[in-house]
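Based on the provided sequences and hints, a complete structural model is requested.
What follows is the residue order along each chain.
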Amino acid sequence: DGGITQSPKYLFRKEGQNVTLSCEQNLNHDAMYWYRQDPGQGLRLIYYSQIVNDFQKGDIAEGYSVSREKKESFPLTVTSAQKNPTAFYLCASSMNGNTEAFFGQGTRLTVV
Amino acid sequence: QKEVEQNSGPLSVPEGAIASLNCTYSDRGSQSFFWYRQYSGKSPELIMFIYSNGDKEDGRFTAQLNKASQYVSLLIRDSQPSDSATYLCAVNPPNTGNQFYFGTGTSLTVIP
Numbered sequence: 166d167g168g169i170t171q172s173p174k175y176l177f178r179k180e181g182q183n184v185t186l187s188c189e190q191n192l193n194h195d196a197m198y199w200y201r202q203d204p205g206q207g208l209r210l211i212y213y214s215q216i217v218n219d220f221q222k223g224d225i226a227e228g229y230s231v232s233r234e235k236k237e238s239f240p241l242t243v244t245s246a247q248k249n250p251t252a253f254y255l256c257a258s259s260m261n262g263n264t265e266a267f268f269g270q271g272t273r274l275t276v277v
Numbered sequence: 822q823k824e825v826e827q828n829s830g831p832l833s834v835p836e837g838a839i840a841s842l843n844c845t846y847s848d849r850g851s852q853s854f855f856w857y858r859q860y861s862g863k864s865p866e867l868i869m870f871i872y873s874n875g876d877k878e879d880g881r882f883t884a885q886l887n888k889a890s891q892y893v894s895l896l897i898r899d900s901q902p903s904d905s906a907t908y909l910c911a912v913n914p915p916n917t918g919n920q921f922y923f924g925t926g927t928s929l930t931v932i933p
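For the protein sequence lines, the chains are A and B, in the order given. Residue numbers for the first sequence follow our numbering, so the first one is 166 and each next one is one higher. Residue numbers for the second sequence follow our numbering, so the first one is 822 and each next one is one higher.
No lab work stands behind these hints, which were simulated from the structure alone. These numbers come from a predicted model, not from an experiment. All C-beta atoms in this analysis are idealised placements derived from N, C-alpha and C, irrespective of residue type, glycine included. Honestly, I wouldn't trust all of these hints.
Said to hold, decoys possible - If you want the footprint, here are the derived chain A segments under chain B, 3+ residues with CB under 8 Å:
no.: 1; stretch: 199-209
no.: 2; stretch: 213-224
no.: 3; stretch: 247-261
no.: 4; stretch: 266-274
Said to hold, decoys possible - Facing chain A, from chain B, some residues (calculated, C-beta under 8 Å):
no.: 5; residue: Phe855
no.: 6; residue: Asn913
no.: 7; residue: Gly918
no.: 8; residue: Asn919
no.: 9; residue: Thr925
no.: 10; residue: Gly926
Stated by the list, open to error - Okay, the calculated beta carbon distance ranges per label pair:
no.: 11; chain 1: A; residue 1: Thr264; chain 2: B; residue 2: Lys888; range: 13 to 21 Å
no.: 12; chain 1: B; residue 1: Gly918; chain 2: A; residue 2: Lys235; range: 19 to 27 Å
no.: 13; chain 1: A; residue 1: Lys235; chain 2: B; residue 2: Pro933; range: 43 to 51 Å
Here is the structure:
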């Protein structure tokens, strides 16, 4: 099955902890994206990558970090510097950034 | 000014009616436009994309693009209760590094 897989589906973080959200795609897409969605709000871009070993900050990158060491993988780390990390995190990919984007099933992160 | 604007709704239509969802965008050079459906608690799923002025039909869905007026709309014919969801409009403006900009979404309820 081709698609985008995010894990875990639910994640709980203690204050001061770093956590890493996984995103893997087997669509052979070049572009990958991380979005954050808060209740009743739209999608806000955290980071995006158009090619391996390169990525750019989106509108709300502070407190987050990413890597793109492999084409199929784009993990997101939510650091302790992110003061309000509770949200629904969505990973997406696109063949080349000009064509449609497809989403993973999302990771719901909660601070406990 | 936001890149993409949608009426947040909620929009309610009776079963069998036509639902009309609208979206405006600010970058006149935008070439790629997308409609996503998002059920509560789930990730967005692509419904349609449109690149050229005019109408594009796929089953009960029709996307309409008017670049001169900078709006894109989605019509849902013979609306069903299963169409009740939030509909997100997305635009891929040029010179933005292949970012996708999303509207905040329109909530649609189809009343049986």
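Status of the hints after comparison with the structure:
1. Check result for the stretch 199-209 of chain A against chain B: holds, 4 residues qualifying (beta carbon to beta carbon below 8 Å, three or more required).
2. For the stretch 213-224 of chain A, the stated coverage by chain B holds: 4 residues have a C-beta nearer than 8 Å to a C-beta of that chain, and at least 3 were required.
3. By the rule of at least three residues with a Cβ nearer than 8 Å to a Cβ of chain B, the coverage given for the stretch 247-261 of chain A holds, with 4 such residues.
4. Taking a C-beta to C-beta cut-off of 8 Å, the stretch 266-274 of chain A contributes 6 residues in contact with chain B, enough for the three needed, and the coverage statement holds.
5. Interface restraint check: Phe855(B) against chain A, minimum CB-CB distance 6 Å, threshold 8 Å, status holds.
6. Here the hint on Asn913(B) is kept, as its CB sits about 6 Å from the closest CB of chain A, short of 8 Å.
7. Interface hint status for Gly918(B): upheld, as the beta-carbon distance to the closest one in chain A is roughly 6 Å, under 8 Å.
8. Restraint check, Asn919(B) versus chain A: the minimum CB separation of about 3 Å is within 8 Å; hint holds.
9. At a threshold of 8 Å, the smallest CB-CB gap from Thr925(B) to chain A is about 4 Å, leaving the interface hint in force.
10. This hint holds: Gly926(B) has a C-beta 6 Å from the nearest C-beta of chain A, less than the 8 Å allowed.
11. Here the CB-CB span from Thr264(A) to Lys888(B) is close to 18 Å, well matched to the stated 13 to 21 Å.
12. A C-beta distance of roughly 21 Å is found between Gly918(B) and Lys235(A), which places it inside the suggested range of 19 to 27 Å.
13. Restraint check, Lys235(A) to Pro933(B): a C-beta distance of roughly 47 Å satisfies the suggested window 43 to 51 Å.
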